[in-house]
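Protein sequences appear in the order of chains A and B.
Going by this note's numbering, the first sequence opens with residue 18, and the numbers climb by one from there.
Going by this note's numbering, the second sequence opens with residue 18, and the numbers climb by one from there.
Rather than coming from a laboratory, the hints here were simulated on the basis of the structure.
Be a bit skeptical, because a hint or two may be false.
Remember, identical chains collapse to one label, so a pair may be satisfied in a single copy or spanning two.
What the hints assert, rightly or not - Restricting the straight-line Cα-Cα distance to at most 30 Å, the calculated cross-link-like pairs of lysine-lysine (DSBU-like) are:
hint, residue 1, residue 2
1, Lys-57, Lys-324
2, Lys-324, Lys-456
3, Lys-63, Lys-324
4, Lys-91, Lys-57
5, Lys-91, Lys-324
6, Lys-452, Lys-324
7, Lys-91, Lys-498
Number of protein chains: 2
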Amino acid sequence: MTLPVETFFLRPDAQGTLQQQIQQMIAQGILSGRFRQGEKLPSTRKLAQHLGVSRITVTIAYTELLANEYLFAKGRSGYFVSENAPAPPDFEPAAENDDAVDWGRAIGQRFSGGATPSKPQDWAQYRFPFIYGQADPTLFDHANWRLCALQALGQRDFTALTTDYYDQDDPRLIEFIARHTLPRRGISARPSQILITLGAQNALWLTTQVLLTQRRRAVLEDPCYHALRDILSQSRCHVTPVRVDQDGLPPDAIPPETDVIFTTPSHQCPTNATMPMDRRRALLDRARETDALIVEDDYEFEMSFLKPPSPALKSMDADGRVIYVGSFSKSLFPGLRLGYLVGSEPFIREARALRASVLRHPPGHIQRTAAYFLSLGYYDAQIRRMGAALHERRVVMEQAMTDHGLQVSGRGYYGGSSFWMRAPETVDTDHLARKLQSKGVLIEPGRAFFAGDLRPTNYYRLAYSSIPTSRISEGVAMVAKEIAASA
Amino acid sequence: MTLPVETFFLRPDAQGTLQQQIQQMIAQGILSGRFRQGEKLPSTRKLAQHLGVSRITVTIAYTELLANEYLFAKGRSGYFVSENAPAPPDFEPAAENDDAVDWGRAIGQRFSGGATPSKPQDWAQYRFPFIYGQADPTLFDHANWRLCALQALGQRDFTALTTDYYDQDDPRLIEFIARHTLPRRGISARPSQILITLGAQNALWLTTQVLLTQRRRAVLEDPCYHALRDILSQSRCHVTPVRVDQDGLPPDAIPPETDVIFTTPSHQCPTNATMPMDRRRALLDRARETDALIVEDDYEFEMSFLKPPSPALKSMDADGRVIYVGSFSKSLFPGLRLGYLVGSEPFIREARALRASVLRHPPGHIQRTAAYFLSLGYYDAQIRRMGAALHERRVVMEQAMTDHGLQVSGRGYYGGSSFWMRAPETVDTDHLARKLQSKGVLIEPGRAFFAGDLRPTNYYRLAYSSIPTSRISEGVAMVAKEIAASA
């Protein structure tokens, strides 16, 4: 490619003659790795014109660089970065100067160093990825997603693609969610009670900002989704973790002063527990007693391939007390970043205003593509396909875990994509995971899901949403072997 | 029973091909429980006749639904709703209830009611849209954007499309910005100093959260981008508005206790003033004196079609004191929601962690599409095309404004897409805008750009980024006429 003339600047404060400055500018471009071998430089005429210097000045500078073998000339076709030019260091070029800023003081609020563990970006390179929440290329309906995306890129959809919705969303996506997605969870909602978010993460974050302050009190399931704990600790509200049992969150353990209760009733994260109907009623009663709100993360309800899912807690909500969080990222792909909030207008109004201030709205093209994928029935077809595949993998997982004597702590009656596992007390699963990773096996240590200082260290999660059936039993065997060695 | 053909109809406002509309109509009928398992669909001939479409269209739609298991075919006797079709919910959606929640108490923080004015969503329906910051379908390179999006949807890019980047970005987009976009502004930055954001709005919001608290002090240009004022007031920091002059922000008016200075040096928003080189040096010196940081919103630098733009303030920053905000939304389309932050690592680290907590990362597909559009040179070509068109419109605007005696307050030496206008003192431009809107003319009242209680009411913005050249002078005449009537 030709290096665009616009990337050449004479610094107002630069030293030396114009010719030297030009030489230096190009040499630095090459040394810093910005200009690469074989790339074409602007013609002397163009560069001279752009910099407002005489053409001869540029010609002399180029000639100098030829002599130093930074450049080479190809007859009439011009000047190129030479392969003999000094190679840029393969480490990142050093900053031009050291900061004079005291960042320790300058930063008003810190957000780094949360509990959310980082997962290997190259998880797909591992042979036994028992990893959670990544898209399996073999299950995703790539072809039809592509068709829908293309259609959403068409001239007829130009407005949906390009317009600034300000604080609004794509009406077609909202309508589909209201008429088809929510009714399947027993929820009826008006468009004004629905807000599209950048995934469930964004929905939970917006909800926390609107409902919680430093003076307010939240109840979290323990264990729970670790990113949610980070969101709440950043909000500086008082957090009470409540240990879940085999039926999920126990209502009578919720303190009287609670303002907001975060729960995953249909499918507890990470234990996979499903809250029975009578406990759901008790939970709603408890919330009414303490005048608390409930934030329901209805996560993975689509993955109910063993039994139809129970209706959402929100469907039993007579008070408008439940705020519902849904997501398409799990069942489509996480990079999609598309979820939604359902709640009473006064709440949605504030969440919408905050979203507008933070990011305006999720990109229109993505909303429209999802609207097509959903309304053309591809989404349901994909869910069925995924369900069938997950069902098959689950059967193989259970057999393998029985064969190798692994202990399942939570399995989920309706389906799901993972098992919550318990190793012997003496096993530290952080350590276990590192050892397994070095052998090509990815598991998720359970520690990060728990609250407090005395967290259990012997739990872990085994997901089967990304591992091929054929590798499951060999992978499970390796986990069992490693546990036996560590115990 | 056979579903009566009369219950099928194509919505007049429906989008997509006829085949997709039919597919969608049937899929939704099944999902909403209107069509039950085993029910017979009308024959392709009957339905085609009824809808007035070709029979093959209906046949293809039915075939697609067969593939997705919504329908099954019984030899000669036709198509039926399949028992494998997704079942509608068997539980009744909850009835609407009045909220028992006291939302006045339940909401911890309010975000609604900001200063940002809402613009008509249907602006494109107006004959004279002197509206700012919307995409002009005649200028946007839709075809090549579509090609790049298609490429980014390909199998080779599956990971870029679907992966959960956690807190990271698409390395290809980052690399392009580092090597090609920033150098054009005289800035050299490492990948670790760049963060992709959901538009400049999101960049400014993240920056505010990281740098400002209730105890810290910010300086804002007055007038300025109104959404920025909302962001700062939500952060509850102390804000000092500093009135700009014809050269932009005057450094000596910045109070000594300032922590963060927000400025638009290359192209002041909304007055279009460009800060001269000596004032930029003075501003950097002033920031050093007061140990303040500078947030540079380098807005519309691509729209410099009269003269090449001056290098960014960040290019003169020896201290790491300047945080740079760039955006692709203005020059591509606002619905894209794609911008970036450039700053020292300690700052970017915190902004990245906050972004991860708020929304994880901007959708991968959009980052990759932009990376292609930029690296294939389509972006530069589009900027040139836009520049030429804006140049032409600007000439016509200036002629018309002279002819009709409109007073320009700020015009921008380098180009841009709008004029900052001053009406006679006696004219209230809020009122003026409403009257003009009823006549098909959209202008932006200036009031919302100013701070404080005694805001000037006689300023307004006339943008030419969305109005066809042919309508400019008639539109300007109407503005002049209305002003004369109001004065």
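Homomeric proximity label, Lys-57 with Lys-324: Cα distance no greater than 30 Å: Between. Shortest inter-copy distance 25 Å satisfies the 30 Å Cα cut-off; intra-copy 63 Å does not.
Same-copy or cross-copy closeness of Lys-91 to Lys-57 [CA-CA at most 30 Å]: within (10 Å within a copy, 65 Å between copies)
Copy assignment of Lys-91 with Lys-498, given that the CA separation must stay at most 30 Å: Close neither inside one copy (63 Å) nor across copies (53 Å); limit 30 Å.
Identical-chain pair category, Lys-91 with Lys-324, by Cα at 30 Å: So Lys-91 and Lys-324 pass the 30 Å test across copies only (29 Å; inside, 70 Å).
Status of Lys-456 relative to Lys-324 across identical chains (alpha carbons, at most 30 Å): Result: close neither inside a copy nor across copies, 36 Å intra and 60 Å inter.
Identical-chain pair category, Lys-63 with Lys-324, by Cα at 30 Å: between (65 Å within a copy, 15 Å between copies)
Lys-452 and Lys-324: within-copy, between-copy, both or neither at 30 Å Cα: Answer is neither: 36 Å inside a copy and 60 Å across each miss the 30 Å cutoff.
In this structure, the earlier hints numbered 2, 6, 7 are contradicted, and the remaining ones agree with it.
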